[in-house]
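Visitor: Please model the complete structure; the sequences and the hints are all you need to start from.
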Amino acid sequence: MAGKTFSEKILAKYSGLDSVEPGQIVEVTPDVAMSHDNTAAISKTFAKIGVDKLFDPDIHLVTLDHCVPPANEAFANNHKQIREFVKKHGIKNFYDINHGICHQVMAEHGHCLPGTIMTGSDSHSTTYGAFGAFGTGVTRSETAVIMATGKIWFRVPETFKIILKGTLPDGVYVKDIALHITGTIGADGALYRAIEFTGPTADRFSISERMTLCNLAVEMGAKVGYIPPNEVVFDYLEGRAKKEFEAVYSDDDAKYDEVLEFDISNLEPQVACPHTVDNVKPISEVAGESIEQVFVGSCNNARLDDLAILAHVLDGKKISTDTRLVVIPASSRVMLDAMRLGYVDTIVSAGGTLASPGCGPCMGNHLGVPGDNEKTLSTANRNFRGRMGNRESEVFLGSPHTAAVSALRGVISDPREVPVDWDVIRSELGQATLSPVLVKA
Amino acid sequence: MESIVTIRLGLQRVYHCCRSPDKPRLSMIGVEVQVAASIQSLPAPFHHDGSLLYLCQIGYDDEASMDKVVKGRVWKYGDDVNTDVIFPGKYTYTVNDPAEMGEHAMEDLDPDFATKVQPGDVIIAGKNFGCGSSREQAAVCLKVKGVGAVIAPSYSRIYFRNGVNTGLPLITSKEVQEHFESGDEIEIDFDKGVIKGAKGEWSFPAFSDFVFGIMDAGGLIPYTRKRLGIDA
Chain A
1 MAGKTFSEKI
11 LAKYSGLDSV
21 EPGQIVEVTP
31 DVAMSHDNTA
41 AISKTFAKIG
51 VDKLFDPDIH
61 LVTLDHCVPP
71 ANEAFANNHK
81 QIREFVKKHG
91 IKNFYDINHG
101 ICHQVMAEHG
111 HCLPGTIMTG
121 SDSHSTTYGA
131 FGAFGTGVTR
141 SETAVIMATG
151 KIWFRVPETF
161 KIILKGTLPD
171 GVYVKDIALH
181 ITGTIGADGA
191 LYRAIEFTGP
201 TADRFSISER
211 MTLCNLAVEM
221 GAKVGYIPPN
231 EVVFDYLEGR
241 AKKEFEAVYS
251 DDDAKYDEVL
261 EFDISNLEPQ
271 VACPHTVDNV
281 KPISEVAGES
291 IEQVFVGSCN
301 NARLDDLAIL
311 AHVLDGKKIS
321 TDTRLVVIPA
331 SSRVMLDAMR
341 LGYVDTIVSA
351 GGTLASPGCG
361 PCMGNHLGVP
371 GDNEKTLSTA
381 NRNFRGRMGN
391 RESEVFLGSP
401 HTAAVSALRG
411 VISDPREVPV
421 DWDVIRSELG
431 QATLSPVLVK
441 A
Chain B
1001 MESIVTIRLG
1011 LQRVYHCCRS
1021 PDKPRLSMIG
1031 VEVQVAASIQ
1041 SLPAPFHHDG
1051 SLLYLCQIGY
1061 DDEASMDKVV
1071 KGRVWKYGDD
1081 VNTDVIFPGK
1091 YTYTVNDPAE
1101 MGEHAMEDLD
1111 PDFATKVQPG
1121 DVIIAGKNFG
1131 CGSSREQAAV
1141 CLKVKGVGAV
1151 IAPSYSRIYF
1161 RNGVNTGLPL
1171 ITSKEVQEHF
1181 ESGDEIEIDF
1191 DKGVIKGAKG
1201 EWSFPAFSDF
1211 VFGIMDAGGL
1221 IPYTRKRLGI
1231 DA
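Chains A and B supply the protein sequences, listed in that same order.
Going by our numbering, 183 is the number at position 183 of the first sequence; the sequence numbering is gapless.
Going by our numbering, 1010 is the number at position 10 of the second sequence; the sequence numbering is gapless.
Incorrect hints may have been included.
[Claimed, not checked] As a list, the in silico EDC-like pairs of lysine to aspartate or glutamate whose alpha-carbon atoms are at most 16 Å apart:
# : chain 1 : residue 1 : chain 2 : residue 2
1 : B       : 1199      : B       : 1231
2 : B       : 1196      : B       : 1185
3 : A       : 44        : B       : 1097
4 : B       : 1076      : B       : 1231
5 : A       : 48        : B       : 1231
6 : A       : 48        : B       : 1079
7 : A       : 243       : A       : 258
8 : B       : 1076      : B       : 1175
9 : B       : 1071      : B       : 1191
None of these hints come from the bench; they were simulated from the model.
It should be emphasised that the depicted structure is a prediction, and the values quoted were computed from it without experimental measurement.
Guide: Put into structure tokens, the structure is as follows:
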């Protein structure tokens, strides 16, 4: 019998079948079903089903992050309903507004585990593949049905293997790799399929880098973005994992739908231009474009290493008077580590505006919605028209290093013009106690 | 005293009516009547049970099964229509009323859409329709506007799930795009699996039995209620 992929193996295991084939529909009970500020709407759908109790309150996890603290009474009442629902149904895994972005908080609190199935009523739930989980976004109604029945259906996906080789040049990051892949294969390049990111480069990625790459898998159309877990993941989970786990790996002779190899040794920094994530150009074609705002935040790039790069670029300097810099750490733990390491002092002294951990302006709710005809360079994961709350504005996506240098100049800039010392950054990150990045030696 | 009457036309669309034209936000379902198919000329006022009734809004019945035949005009769009332009993210946590969701449908792509779309109209789009966020409103806002179907070569996977779960038919076809322009008449017969237009007829593949079962029940929630034995 031919070997099986990660997705085929885990879906067979959870559906109680000996083996499954791509295209087959299976039903499983996830280990974790996440929902966030949409939990109020989900609770109303749950009420329509007509079941009194949750099938299993312990598989549900609720965070408040999409507009925290609430910007107005509508958001506040939404949060209030969620707190009441969580209390009524005994959902223990509840993270209120003081924690941060769902995906980051779940990682920090040890919910993301190898060999588990995790759903989220959030498209960026592909992030959990960074830990070797089958993580995928589902709809609001589906989380309501999981509440009632514990079950969700999946079509077994074909698998697309992407092999990453080579060493990242200075000033080039995993974000650039992810944007480059998205630009190459397109926003539907991996539609309905699971992506496995493998190869020596992927194997060396830190926790933070794994999360950035798997987070962006959905922008390639993927159902799942998975990196085979290694000692980086196991070290991170030591003393953190919420329960025991058993990693699942593809068989050596697994059948892949498509295999693509990228050598990233000569990759330039990349920028996704308005208004799609796959409209990707090398920095040399975009540099010089004036920008009124830089946003360093989101579940894609607002971890400690991202803030470290920003602080090292800005150290002792001032941002351009023509540009605003909005910085929103991914979580309160990231913010605390960044404060202790002096990054927050540096960023704010340079003219940055720091806001409380959460999603911020990423989907246009608050804390940095751009004005008409303004351009933003963002470290987030989407640049669709109107995404940041104003359809008359434009959003470019790039790495935190690109964002930092662009904030200094007031124009989109090549990050390699202001290099950072990675030996220093690496030793600083080693002192982080709350949101370790675990850069592999 | 206001009385509210729910009018079903066909199987899917529901018209909420009240006795006064200046109460457009009444949305509770009161009496349900089956109206003869001949009353197709809404929203003119009409008589029911001795009263003159006015159509006040197109409602949304999330427990109704699919229309078997859809007839209307085409709204044509390009590739990668994302959920942020179908239903802007800034409304996702504050707009909870389905009818109000409909008012923002396609807002950042085509500001005319929400005011001009008619029940039975069909969206024909390019590849990867509905990419981006998982927001369910991006399917619901089209369904409440009466969109009879979307036709595209491919859909983002979460959008496809949202379509199935809310009962918005998403037809996968690469053939028809070049034969239709915005405003053209179109008819879709789901039983026969046929799309008809001025330039010809095209067949499309049937939904899988599992997916059809959910859609035919009226979406995931009524499907689940039946499965749990709450509804017969």
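Visitor: Holds or violated: residue 48/A and residue 1079/B, Cα atoms, limit 16 Å.
Guide: Judged against 16 Å, a Cα distance of about 35 Å means the pair is violated.
Visitor: Check whether the Cα positions of residue 1196/B and residue 1185/B lie no farther apart than 16 Å.
Guide: Answer holds: residue 1196/B to residue 1185/B is near 9 Å, not above 16 Å.
Visitor: For a C-alpha distance cap of 16 Å, please report whether residue 44/A and residue 1097/B respect it.
Guide: 12 Å, holds
Visitor: Residue 1199/B and residue 1231/B: Cα distance at most 16 Å?
Guide: 44 Å, violated
Visitor: Take the C-alpha atoms of residue 48/A and residue 1231/B, compute the straight-line distance between them, and say whether it is at most 16 Å.
Guide: Answer holds: residue 48/A to residue 1231/B is near 12 Å, not above 16 Å.
Visitor: Are the Cα atoms of residue 1071/B and residue 1191/B separated by 16 Å or less?
Guide: Distance of about 14 Å is within 16 Å: holds.
Visitor: Going straight from one Cα to the other, do residue 1076/B and residue 1231/B come out at no more than 16 Å?
Guide: Not OK: residue 1076/B and residue 1231/B at ~39 Å, beyond 16 Å, violated.
Visitor: Verify the proposed pairing of residue 1076/B with residue 1175/B, using a straight-line Cα cut of 16 Å.
Guide: 14 Å, holds
Visitor: Are the Cα atoms of residue 243/A and residue 258/A separated by 16 Å or less?
Guide: 34 Å, violated
In this structure, the earlier hints numbered 1, 4, 6, 7 are contradicted, and the remaining ones agree with it.
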